[in-house]
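Student: Fit chain to chain and form the complex, with the hints in mind.
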Amino acid sequence: MSSCPPYAPFFGFAGVASSMIFSTVGAAYGTSKAGIGIAGLGQFKPELIMKSLIPVVMSGIIAVYGLVVSVLIAGGLDPAQDYPLYSGFVHLGAGLACGLTGLAAGYAIGIVGDSCVRAYVRESKVFVAMVLILIFAEVLGLYGLIVALIMNSRASEARCS
Amino acid sequence: MGFLRLYYALGLPSFLVTVIALYLLFTGSGEAFNVGRFLEESSPYLWASTGIGLCIGLSVLGAGWGIFVTGASILGGGVRAPRIRTKNLISIIFCEVVAIYGVIMGIVYSSKLASIDESQLYTKSNYYTGYALFWGGLTVGVCNLLCGVSVGITGSTAALADAADPALFVKILIVEVFGSILGLFGLIVGLLVVGKAEEFKAAAVPAALGALPLLSH
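Residue numbers (my numbering), protein chains in the order written: chain L, 1 to 161; chain A, 1 to 217.
None of these hints come from the bench; they were simulated from the model.
Accuracy of the hints is not assured; some may be wrong.
[Stated by the list, open to error] Here are the in silico distance ranges between beta carbons for each label pair:
1. A/Leu12 / L/Ser161: 39 to 45 Å
2. L/Val126 / A/Ala32: 57 to 63 Å
3. A/Leu89 / L/Arg154: 49 to 55 Å
4. L/Ser156 / A/Val19: 53 to 59 Å
5. A/Gly11 / L/Val126: 23 to 29 Å
[Stated by the list, open to error] For lysine-lysine, the following BS3-like pairs were computed, each having C-alpha atoms within a straight-line distance of at most 30 Å:
6. L/Lys45 / A/Lys171
7. A/Lys124 / L/Lys125
8. A/Lys171 / A/Lys124
9. A/Lys124 / A/Lys196
10. A/Lys87 / L/Lys45
11. A/Lys87 / L/Lys51
12. L/Lys45 / L/Lys125
13. A/Lys196 / A/Lys112
14. L/Lys51 / A/Lys171
15. L/Lys125 / L/Lys51
16. A/Lys171 / A/Lys112
Heads up, the beta-carbon is just placed ideally off N, CA and C, and yes, glycines get one too.
Just chain A, same shape as in the assembly (with noise of 0.2 Å):
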């Protein structure tokens, strides 16, 4: 049943792009439609912000995320075992690190900005640092937030079954730990990804506005 929203959900954009895409192609302007163009035209600083913005937003999400769901278990839990309330503060470090490795990065993308004239900006490696910043900023952010609702979903059971039994408690904290490696390999691709970009730097030979990629066609 859920899936019929999916659907509708689904179907407008669908149906919008369908017919600007047709509209487009039987009215002889189909050449509008140029990928590369755009990524062309679109400026460097687009791309960089953007995937930085991302890094420490998302990383952000799947902290707070999995604080409120692991938050939330072990003080109802801890209703009725007073005894949880400490040891299963660590379900809630866990997920702050993550949140921690979203600042980091964003830290290290951010010294990666410097401020170009737009005549002096498009060249092959500012190119490079942009799309290398906005994709390893969206891969950090992602994991980060997919590892925060997972650590948050696993210290949410860690807390119940610890009051249950505390005897559990460190056998579901191995979960635990699995569950937070996905963020640390989060961190290593994005490091990775901008390890051999270089800085916004101006180009050498400055080029009109604009002209420089009309002429790698």
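Pulled out of the complex, with its shape left as it was, chain L reads as follows (with noise of 0.2 Å):
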């Protein structure tokens, strides 16, 4: 058996995947519970509603990780080159990392912000409060995002035998 096989890139393109699908539904899940609840605090309280905006920005950010570590999964790829089974594996190992950890990192989020928004209407200094934990949450997708950039470069190190 060789060690380039023609379906490698079935699993280079399922590390792609995987990392855009995964971190999508963190993000989905996060700015959909965080907007329900800024929607709740703006009958109350409308001037706070742009400081409560920030659990949806960083469920963006959630997406942004994913997108970035499939664009790069994708340049690795190429019909013309050799594409050792290795690096398909890697390239899906990186792709998890990163959507998985983002759906974790989004559902966190989502759930903190949906709650954290609905205290800051009756008591506005949890807000510091509410920043360092969704902190913490978003720091849950930036370790994924490391870990699949630090796969992803050493997805090209083996060699057609």
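Tutor: So this is what it looks like as structure tokens:
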């Protein structure tokens, strides 16, 4: 069996897809859930809406992490060049790393954002604590991005035998 | 309580898969489970066509889902506050745009399809194109599905907030814009993935039927 079988790009593309799809799940959940809380806050204190958009922006950043990793992995795939099965699996791992961490981070940002903006209506001192908690949730996605970037940089080490 | 249903739903298929896998293993035909052979023997047309179908199908599913969620809220809120009817149609348009993304990508992907005789179909470039179209189509479809649902939920929220206080609509629209960029990201990834793939081409030297996958071992 050769180390560059023709089905190796299947796994590479699976990495591209999983990075984008799973981070989009997280980002969509975060955006919608936090958006519902923000609309609830807007009924009572409309002047606080702009500051409460932070969870929504952070969910968008999670989607951008997934996009960056997808673009990087897709840049390493080329039909004209040799593509070892090793690279396929490394790309799949990188995509799963970024995607699944983005999914977790997006869920956390959504639930935290929703409950914190509802608390912000009643007590404005909650704002700093909310931002701190959101940062910790966002950083989960960042860890996945870092690991995905490290794996992706190692993906072109193998050669066809 | 809802998780029990999930366990039941996942339990039977997992049990069946385990039984079949152990049967193959203990009767000495464990090599029958060969992912590489499956990927080499399945036609690139399978992957390409499934990808295109999923691309448009899931995108339209997302758009429709978003439209019904938003539409129900606009119509319900419009009973007590008729002024919200025209302004909130913009949320419906945001959902519709997601379906348009699916159509555009479906058309772009379909241009890669070409009719090749089966003895000349199984080349490395055609395998690449088939896989690219499948995963690209799935990415575009699922991202548009999620975007459509997210924009729908947010649009419904915006309609009801608008019914309560007209000044809120523009601010909740910002959240909706953040939701709609997700579909755009899916479109970008879909285009990148397929950008380098060539359309289906006949092999330079026709191989005997099914011989080419075996030659690479």
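Student: Go through the numbered hints given earlier and state which of them the structure violates, listing their numbers in rising order.
Tutor: 4, 5, 7, 8, 16
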